[in-house]
Each structure stands twice: as structure tokens, then as C-alpha cells.
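These protein sequence lines are chains G and H, in that order.
So in the numbering used here, the last spot in the first sequence is 296, and the numbers never skip.
So in the numbering used here, the last spot in the second sequence is 144, and the numbers never skip.
Worth flagging that the hints you see were computed from the coordinates, not collected in a lab.
Where is the CB? At the ideal position from N, CA and C, for every residue including glycine.
Each hint should be verified, as a subset may be incorrect.
[Stated by the list, open to error] Under 8 Å between C-beta atoms, here's a sample of chain H residues computed to sit facing chain G: (1) Pro81; (2) Val84; (3) Asp86.
[Stated by the list, open to error] Distance ranges between label pairs, derived from CB positions: (4) Arg238/G to Leu13/H: 20 to 26 Å; (5) Leu56/H to Asn147/G: 22 to 28 Å; (6) Ala132/H to Thr235/G: 27 to 33 Å; (7) Pro218/G to Glu9/H: 52 to 58 Å.
[As the list claims (entries may be wrong)] If you want the ones that stay clear, here's a sample from chain G, every Cβ over 12 Å from chain H, calculated: (8) Tyr214; (9) Pro218; (10) Asp231; (11) Arg238; (12) Ser254; (13) Thr274; (14) Ala275.
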Amino acid sequence: MPINADYAGRTYPVTDAYVVGREKLREFSSAVGSLHPVHHDLVAARGAGYPDLVAPPTFAVVVAQRAEAQYIQDPDAGVDFSRVVHADERFTHHRAIVAGDELVTVLHVDSIVERRGLSMVTTRCEIAARTADGEPQPVATVTSTLAVRGDDA
Amino acid sequence: MTRPEFSDLSVGDEIGTRTVEIDRARLVRYAGASGDFNPIHWNERFATEVGLPGVIAHGMFTMGAAVALVEEWAGDPAAVVDYQTRFSRPVPVPDQGVAVVEVVGVVGALDADASTARIDLAVTFEGARVLMKTQAVVRL
Numbered sequence: 144m145p146i147n148a149d150y151a152g153r154t155y156p157v158t159d160a161y162v163v164g165r166e167k168l169r170e171f172s173s174a175v176g177s178l179h180p181v182h183h184d185l186v187a188a189r190g191a192g193y194p195d196l197v198a199p200p201t202f203a204v205v206v207a208q209r210a211e212a213q214y215i216q217d218p219d220a221g222v223d224f225s226r227v228v229h230a231d232e233r234f235t236h237h238r239a240i241v242a243g244d245e246l247v248t249v250l251h252v253d254s255i256v257e258r259r260g261l262s263m264v265t266t267r268c269e270i271a272a273r274t275a276d277g278e279p280q281p282v283a284t285v286t287s288t289l290a291v292r293g294d295d296a
Numbered sequence: 005m006t007r008p009e010f011s012d013l014s015v016g017d018e019i020g021t022r023t024v025e026i027d028r029a030r031l032v033r034y035a036g037a038s039g040d041f042n043p044i045h046w047n048e049r050f051a052t053e054v055g056l057p058g059v060i061a062h063g064m065f066t067m068g069a070a071v072a073l074v075e076e077w078a079g080d081p082a083a084v085v086d087y088q089t090r091f092s093r094p095v096p097v098p099d100q101g102v103a104v105v106e107v108v109g110v111v112g113a114l115d116a117d118a119s120t121a122r123i124d125l126a127v128t129f130e131g132a133r134v135l136m137k138t139q140a141v142v143r144l
């Protein structure tokens, strides 16, 4: 089944919260080799002015891919994962992600473009932190483009 | 930790290099840490069935490992306010031994008004670029 172009422009309801845990930040940081103390040592993070351990620059992918699953795993969207190549990724950070954050995400399918037998699908995750006053605070924007091969490619 | 001074920087300055050695265990570890369990990153049979040369590294692993160079140079990981790349070529990771990825960072642009430096990363495997347009914007 080909990519369903009708999904372009779609916006999904806000996700359930992803709660950022200290051990997850340590685990992720160690996995990518980010050894800076603010990812691992609470005293170092607080000494640097952060309320808790700090996420490395690509950690937001963990949060984003959960939101993207709403689209990618929808059978009607026509995204066949055996035909998908990750084309590009961008993180724009509005503030540092720290342990204890409760992150909620709104997923947008920004565009679906046909190019030489490939469908280029660009999604955007707007990630925000829950706050005491109820108005989520923008934290990060994650933009991802997938290249999906057509049936004859 | 010392932080670079904006006024000391010039376009073209090299900020440093980093060598990333990737074995299969590293990919399994990244899969668990990130939640990306696509079998092309740990299952040889599956990877070859979908036309790959074998198990390949997560592009997101390579992207995440490369930027650690910028984090250390910046002295504050949260100073990396924007980071992007294109994935141009897969990194095959052998059953035994390691794939060696080299990272070199250079100051690509300076914005005095915003007090930001754009660090351009050259990320190569066996001499070929595996990531393209790999740019980290650092607030200084």
C-alpha cells in the first residue's frame, strides 16, 4: 500500500506525559558516550545551575518517537517500515530537558512529498513540559524526515 | 568546566576530534536506551533480507555520539540549542570487531548578535561521510 498523502497537514491530540527519569538519562547518555557530568552527577548538574540531571542534545528522540508512532503505526497511513530510510533529523531546544520533566507532545505531519519514486514524509513533534499553572512550557521541537520507497523501487 | 569565549573564535577553527568505536553490543545498548528496536540494528538475517549489507548502526546513535564532541567543547551540554543532520550512508557494524567512525568539528559560522557558534561536524566511516550537513548551534 502506498503512502497516504491525505495525512499531510494532520495534527494529533497531545500525548500522555513522558516522565524523564534520572536513570534513563544516565543510561541514554552512557549509550551515546556523553560523559559530561551534568548527565550523570546530580551535584554537578545543580552546581551548573540546573534543577536536576540534564538530557544530552538527542535525548528528545526518545520522546518524539513515541509520538511519531501514532502516525507510523497507523495502518491507514501506509508507512511500510521495511521500505523506510531515516533521511534527516533536527532538534531545536527551547530549554534544557531535565530529570523530573513531564513532557507532553503534539505531533504534526508537516508534509508528504513525492520525489523520484520516494515519498518524503516530514513530521514535527512540539514537546512541552507540564507546569504547575497548567500552561505547558515549550521545551523542544523535533523534526524528522523519512524516505519511503515506492512499490516498484 | 571552561567554556570557549565567543570573541576567541574564528570561522574555520577546529574544535577537536572524536573516534567512536561501534560494536554490536553498543547497538543493543543504544536500542534499549532509546527504545528503537528496529531489527536492522541487531539482527543480521533481518538486515540482509531487507537489502542491507548486514547489521547497521542506528543513524540516531551516530548523530548522538558525534555531538558529544560539541558538548565537551561547549562545556555545557544544554548550550547546544539546535542540532541537525542528514543521514547519507549506513554504518555496517561487524559481528566481530568494531566499526570506527571519525568525527571532526569545525567552526562553520558565527552570529555575534545571537552569541552563537555553528559547529559543523564531519562524520566519516572508512573515509566516506555517513552524515551530511551535521550542524550544531552552540550558545556562548
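Comparing the hints with the structure gives:
1. Pro81: 5 Å, holds
2. Val84: 4 Å, holds
3. Asp86: Holds - the Cβ of aspartate 86/H comes within 8 Å of chain G, reaching about 5 Å at its closest.
4. Arg238/G to Leu13/H: 20 to 26 Å: Since arginine 238/G and leucine 13/H have Cβ atoms about 24 Å apart, the given range 20 to 26 Å holds.
5. Leu56/H to Asn147/G: 22 to 28 Å: The hinted range 22 to 28 Å holds for leucine 56/H and asparagine 147/G, with Cβ atoms some 26 Å apart.
6. Ala132/H to Thr235/G: 27 to 33 Å: 28 Å, holds
7. Pro218/G to Glu9/H: 52 to 58 Å: 54 Å, holds
8. Tyr214: Label holds. Min Cβ-Cβ 16 Å, cutoff 12 Å.
9. Pro218: 18 Å, holds
10. Asp231: 4 Å, violated
11. Arg238: It is violated; arginine 238/G is separated from chain H by about 8 Å at its closest Cβ, not greater than 12 Å.
12. Ser254: The claim stands: serine 254/G keeps its Cβ more than 12 Å from every Cβ of chain H (closest is about 16 Å).
13. Thr274: At roughly 19 Å from the nearest Cβ of chain H, threonine 274/G sits farther out than 12 Å, so the non-interface label holds.
14. Ala275: Correct as stated: the minimum Cβ-Cβ distance to chain H is 22 Å, above 12 Å.
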